[in-house]
Amino acid sequence: MAKKTRSVEVNGRQIRLRPERYSWSDFFMALPAVLLLVLTTYYPIAKLINISFTDWRLTSRTYEYVGLKNWIWLFTSKTSTKYLLNSIKVTLIYTFFNIAIDLGLGLVLAHLFNRLTKPYGAMRALIFMPRYIAMSTCGIIFLWMFNTDYGVINRMLEWAGVQNHINWLGDGKLALTSILILTGWHGVGYSMMIYLSALLGISRDYYEASSLDGATPLQQFRYITLPLLSPTSLFLFITTFISSMKVYQSVDVMTGGGPRQQTEVMVYYIYRLAFDDNRIDRASVVALLFFVVLLIVTASTMRITNKNVHYEA
Amino acid sequence: MKKLVALVLAALMLFTCTALAEIDPSIPTDQTTEIVFWHSFTGDDEAALLAQIEAFQAEYPYIAVKPQYIGGYNDIHTELASANAAGVGVPALCVINVPRLTSYAEDDVVEDLNPYIEAFADQINFADFYDGMTTAMNNDGKQTALPFGQSGQIFYYNKTLLSELGVTFPEKLEDMDAFLKTVSEATGKPALEIHGADNAYFYCMFCNLGAYMIDVETNTTGLDAEVALDLIKRIRSWVDAGYVKWVDTDVGNTLRLDFTSGATASVLYTSSLYSSYKAMAEAGTNGAVFEVGIANQPMGITNYQFVAGATLILPSCECNTQAQKNAAFLLASYLTAPKQQLEWATVSSYYVTRKSASTDPQYAEAYQALLEKLPETAVIDLNSYVSKTKHPLFDKCGDVFENYMSEIMNNGMDPEEGWEMMIEEINDTLADA
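Protein sequence lines, in the order shown, are assigned to chains A and B.
Per numbering that gives the first Met the number 0, the first sequence starts with residue 0, numbered consecutively.
Per numbering that gives the first Met the number 0, the second sequence starts with residue 0, numbered consecutively.
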């Protein structure tokens, strides 16, 4: 098949590299994986685009093509713009604070538990343990904990002198905070472990050398630890960002998007359109918009943050 | 001549329509017809249901039923919609809740049961169902479902406490103020807790004052009536005075614990919990021992009670054969027969959907057994049960209604401001169809 000849210059001499060979067998080897990817990822996306131009209700077996009607509805209808903007706002607020909790607290915990002894290992395991529990299970447990009258959190606050029971999940100002407490508790152990492994990978030489130069622990953290943790931070940032934008389970179990849509994140809004309103056509335009927003934000975040990442540890 | 031709044509059309609506009611007896039945019942309710299915299979050995618990009504809807879209895996018989029926009928995803009712007239005795229930399941003449696990939105009260205080639970809305004040001041606790996370529970009070969620003629909300605002203000004043607690989160647990521990004198919730509330209150599970009483929705200018709960539908998917659909209808007829309904109600506390269950002497013993176990069942007058407005956006408008009620009752929103915003949002929702 195609042959390419390349050469590189080494110490002023041109060295010819062996031509890269491609053969049809390479392509056929990759074909099963490509087909699987097409079938499970690209076909659904194509189908989603297709549905967005129809009037398909979930309970109906037939549909007609309606052109841009759903897109026009998305940007012009009073209710859609209201709910859409609200869900974008809620999702971004949730994402911002969830990243702050996971990365910030994860880093602090990693520093606190950065000792390779058995008691520390046990404590690390305790913090990581929630990760093993399904989010829906955690949601139900927290639902009880946040119960206004019988929840352990209000009881503890009562012992601490707060007599008025807080309506954690029914008060619009607190409901999202309650969800953040749950997801933070669930996810922080993972960030801690990733940071911990990265911390152990930083050579002690940097710290010894800086100590000789009179650097304080804070300066060491600022000028050595943080820069050398930047690839890990970038990885955690991107993965937490994407998972936060897609949050659904905790919202579904804890608040169902309420009170008054104040915890209605984008994925929940899409779900509500598709399965409560049966408007799979409208759900698909919102899902596509969400996909594009997620793609743009992730790509630009990577582009911006990549410039400040130091890969040599 | 023209008249004659027109008459002949009309007769032909009528004949064609009748012929189209007919079904072949046969079920082969020389081979097994398998049917899948999706339901939403767990615990004792499921055990009772499975026992009835066993009995049905013994009576019809050529029908094999595969009952499958799917989850709550929303889970069933999601699964059913997905299976329906795929055109495979659709059950022959399925449980679904009343509000879904309107859109199911519009989208033709359920069989019209009228031809089945006609073909299986001997087995079903359709006229014996309570009219309000069957009407709620009838969409433009199409019978979309049979009433099965029916329930209502009722008040449970602490009968022992109320007798001690010398008060009775009010039958009229106008008497609520005095009742709530007396009980709250005597106990120092809320006299009533209302399920605020689902409009189904408190909407009836608005309707009985003449304020309806949707005015179908104008496609706007009828909650813009002044009486609705007055009632909202009134409930808010009860909440502010500590007479009423508006429960909108973790509702099931909170109402159960508050009522059975004596933290409130009454709650507004689903009738299907009567059996479990009664058992807990009598056993003193949560620290208070008392007798449980039941009251209907208080009367305003009308005395409506609304039908809710489970229904039985036959999905119209072609993936099920006519014989399977017939077998499914036969099972539905069996499960909704007076004898089975009485047995089922004794365990589950769901309403008996048949008029003859309480009037026909052949069921007198079973009915007496039901009353012995759940005496307050007699308080419920199922003849006063009616259907809510049938509109595909009813539930969505209901969501807006309950959201604003929560804001007004629990988060300090001004009642008038909240009411105006709510009306605007419901009208926008209706305009957005």
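Accuracy of the hints is not assured; some may be wrong.
[Stated by the list, open to error] Computed, partial: chain A to chain B, Cβ under 8 Å:
1) T75
2) K77
3) G171
4) L175
5) A298
[Claimed, not checked] Computed cross-link-like contacts, EDC-like style, restricted to lysine to aspartate or glutamate with a CA-CA straight-line distance of at most 20 Å:
6) K77/A x D431/B
7) K77/A x D427/B
8) K172/A x E416/B
9) K81/A x E105/B
10) K77/A x E33/B
11) K81/A x D127/B
12) K354/B x D127/B
13) K68/A x D276/A
14) K77/A x E423/B
15) K81/A x E423/B
16) K141/B x D176/B
17) K77/A x D394/B
18) K395/B x D148/A
19) K188/B x E157/A
20) K81/A x D427/B
21) K188/B x D148/A
22) K172/A x D413/B
23) K395/B x D276/A
24) K68/A x D427/B
25) K68/A x D431/B
26) K395/B x D251/A
Calculated from the structure, these hints are not laboratory results.
Virtual Cβ for every residue (Gly too), placed ideally from N, Cα, C.
> Straight-line Cα separation of K68/A and D431/B no greater than 20 Å?
Replying inline: Holds, at roughly 13 Å.
> If you draw a straight line from the CA of K395/B to the CA of D148/A, is it 20 Å or shorter?
Replying inline: With a Cα-Cα distance of about 29 Å, the restraint between K395/B and D148/A is violated, given a limit of 20 Å.
>> Quick check on T75/A please, does its C-beta sit within 8 Å of some C-beta on chain B?
In response: violated (10 Å)
>> Would the hint on L175/A be counted as holding, given a Cβ-Cβ threshold of 8 Å to chain B?
In response: violated (14 Å)
> When you check the alpha-carbon spacing of K68/A and D276/A, does it fall within 20 Å?
Replying inline: holds (17 Å)
> Between K188/B and D148/A, does the CA-CA distance stay at or below 20 Å?
Replying inline: Holds. K188/B to D148/A sits at ~13 Å (cutoff 20 Å).
> Keeping to a limit of 20 Å between CA atoms, is the pair of K77/A and E423/B held or broken?
Replying inline: Status holds; Cα separation ~11 Å.
> Is the Cα-Cα distance between K81/A and E423/B 20 Å or less?
Replying inline: holds (13 Å)
> Regarding the pair K395/B and D276/A, is the alpha-carbon distance no greater than 20 Å?
Replying inline: Holds, because 7 Å separates the two Cα atoms, which is no more than 20 Å.
>> For K172/A and E416/B, compute the direct alpha-carbon distance and say whether it is at most 20 Å.
In response: holds (19 Å)
>> Take the shortest C-beta to C-beta distance between G171/A and chain B; is it under 8 Å?
In response: Holds, because the Cβ-Cβ distance from G171/A to chain B comes to roughly 6 Å (cut-off 8 Å).
> Quick one, are K354/B and D127/B close enough, alpha carbons at most 20 Å?
Replying inline: Status holds; Cα separation ~6 Å.
Violated hints for the displayed structure, listed by number in ascending order: 1, 4, 5, 9, 10, 11, 16, 18.
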